[in-house]
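J.: Heads up: the sequence lines are chains A and B, in that order.
Residue numbers for the first sequence, in numbering that gives the first Met the number 0: 0 to 354.
Residue numbers for the second sequence, in numbering that gives the first Met the number 0: 0 to 354.
Note that these hints are calculated values from the structure, not bench results.
Hints may be right or wrong, so weigh each one.
Remember, identical chains collapse to one label, so a pair may be satisfied in a single copy or spanning two.
What the hints assert, rightly or not - The list that follows gives simulated cross-link-like pairs (lysine to aspartate or glutamate, EDC-like), each with its CA atoms no further than 20 Å apart: (1) 299 x 289; (2) 249 x 223; (3) 332 x 303; (4) 298 x 342; (5) 68 x 341; (6) 68 x 354; (7) 299 x 335; (8) 299 x 342; (9) 306 x 341.
2 protein chains.
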Amino acid sequence: MSRKKNSRHVMEGVQAAHDGMKALPRKKFKKPADATMDIQAIAAGVRSGSRLYLGKAITLLESSSAEHKKNGQELLNQLLPFTGNSIRIGITGVPGAGKSTFIETFGEMLTGLGHRVAVLAIDPSSSLTGGSILGDKTRMEQLARNPKAFIRPSPTAGTLGGVHKKTRETMLLCEAAGYDVILVETVGVGQSETLVRGMVDMFLLLVLTGAGDELQGMKKGILELADAIIVHKADGENAQLAKKTVSEYKQMMHFLQPATDSWKTRSLAASSVEETGIPEVWKMVKEFEDTVKVSGYWKKRRQEQTKDWFRSMITDELHSRFFDHAERRQLVKTLETQVLNDELTVAQAIMQLFE
Amino acid sequence: MSRKKNSRHVMEGVQAAHDGMKALPRKKFKKPADATMDIQAIAAGVRSGSRLYLGKAITLLESSSAEHKKNGQELLNQLLPFTGNSIRIGITGVPGAGKSTFIETFGEMLTGLGHRVAVLAIDPSSSLTGGSILGDKTRMEQLARNPKAFIRPSPTAGTLGGVHKKTRETMLLCEAAGYDVILVETVGVGQSETLVRGMVDMFLLLVLTGAGDELQGMKKGILELADAIIVHKADGENAQLAKKTVSEYKQMMHFLQPATDSWKTRSLAASSVEETGIPEVWKMVKEFEDTVKVSGYWKKRRQEQTKDWFRSMITDELHSRFFDHAERRQLVKTLETQVLNDELTVAQAIMQLFE
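Isolated chain A, as found in the complex (with noise of 0.2 Å):
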């Protein structure tokens, strides 16, 4: 917390999405022979906990080159034994609640336990902002340079999917270097939450005192995606109305159904700017592990989201090789609109379509 705020620390903690790849020349992927002997340094390197080729194995990932893109693969395949062992959590908040404080907070205090820490995030809104979510540099600023943590902006653009896949995959590697907490940050827009819980074991909601407004803007359902709801900057003269805001939420919890099987959904108060609250999350994290591992539902939900990923990447590829012809894209338009002038049936149009 002493420490003096450089710009150039925090360069090297936050990775930007795509200057790891600078490092490692082009044309080495060229021939196969020096392809798989890089594939072999890094994947090496990832192992050696090295945040500079975790980077660079990320940008490989991430690339749309079709070659880099199979080298990637081999090299996650290389590293697929040694990911699984972190305790993956989605973090997500209404807008003002202070993921970014929260997580910089709670990310300080596990490096300072020991732990490893990788922050990655789903911002379905980046390619049209610039990215909101981690794309600011100066926020984190002391995680970032924090030795024991690995900071990731969003994957910039793409389809929702893509990011998807990307994040998933980032997380991969990011277990293969050693780091076993594993926080993905999301915004509450579109299906990025739902996205997000299919990825991760645990899912925290951050919302404010005087429950309830603030989440109309919400996904639907959110507060039966999460497995805790943490009353955020519950300091100050906030601090008593944290506490009536818990229990309004613990009473809510009566009406809705648990995230997780075998758990059931919590309600705390926490603030980071007091550092208070905080040790008492990760206390409730561990006993969310240890609860759900013994009940058997961590390895099923693991096995179940990889399950359901591979089979979301069914649809997405037959979708994208299906609209992947500008004149079937018309086509599909000009049928939308029959339909709904009442023109054509929805089954006729599927008719014409694939005939």
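Starting from the structure of chain A, add chain B where the hints point.
T.: Structure of chain B alone, referenced to chain A:
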């Protein structure tokens, strides 16, 4: 309410899934000219309000014969200009909430007010259980005998997508036949509520007193799909408790997002046995219709629903074409196992599958 129960009358009102077809000589569909004639005759019959012809039309659309399907679509196309003039209401509820009793009482009241009421059902479990919704012809006996009502059991078997398609098409036929209130009943299982929500204007959730626990078996987020929560069986010694439950749900609503833009989700008590609260439900439905039509969301939602239906049918078609090969289904299984055993990355499995 005074008419005697009589199984023949029941048979007249309740349409079995395939009884209508028998009345149409099969050979007529062999020759195109006759088929066209038949279509025009059936279309005229449907428009005249004949339940017999409506049953025939539905059976034609549900048929698995390619020729029937084609004729069915042609028929539907002819009737499209006469569709859309109803209020489409989805009804779901926790087990034991008394959906059938509610629908019967509600439907009887509506026909008494001069409305024509069609009751359809989506029951994804029907292929397994032999039909738990409307399959039992002794249910809704009163309404089944009512000449202003039409009750159609859930299409048997088939994929959920297929059942969805058939129910949507049946709904359109009912509208063309002059039914101005369509009630779509569903059980709280799997994706059925989401499907029904995607085809109706308004969605009602029936619950019991002592709210909360009973929702555990329902789809997550069900409260945020509902436009109104009806605390049913609010009679006898339950009446007082029902009042409390209604106010509990009202409080809940503060924390949840409304299902419909421009409409605040309501909570009210009703008893089908004592016939109390039922007129209030209809009054609320009319209020909903007025409010949401004025806000413009009524039309917007219908257009979006049709678009979504079209898009989901494309996905369905892509899936069924892709998986319609025994070898490929086997390969998917093999690859899935390899992925689950960490022998292959998901991306590699996808590459192999689409090679």
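J.: Are the hints correct? Go through all of them and say.
T.: Checked hints:
no. : hint      : in the structure
1   : 299 x 289 : within (14 Å within a copy, 48 Å between copies)
2   : 249 x 223 : both (13 Å within a copy, 18 Å between copies)
3   : 332 x 303 : between (35 Å within a copy, 14 Å between copies)
4   : 298 x 342 : between (50 Å within a copy, 17 Å between copies)
5   : 68 x 341  : between (45 Å within a copy, 19 Å between copies)
6   : 68 x 354  : between (34 Å within a copy, 15 Å between copies)
7   : 299 x 335 : between (40 Å within a copy, 15 Å between copies)
8   : 299 x 342 : between (48 Å within a copy, 18 Å between copies)
9   : 306 x 341 : between (39 Å within a copy, 12 Å between copies)
When held up to the earlier numbered hints, the structure conflicts with none and fits them all.
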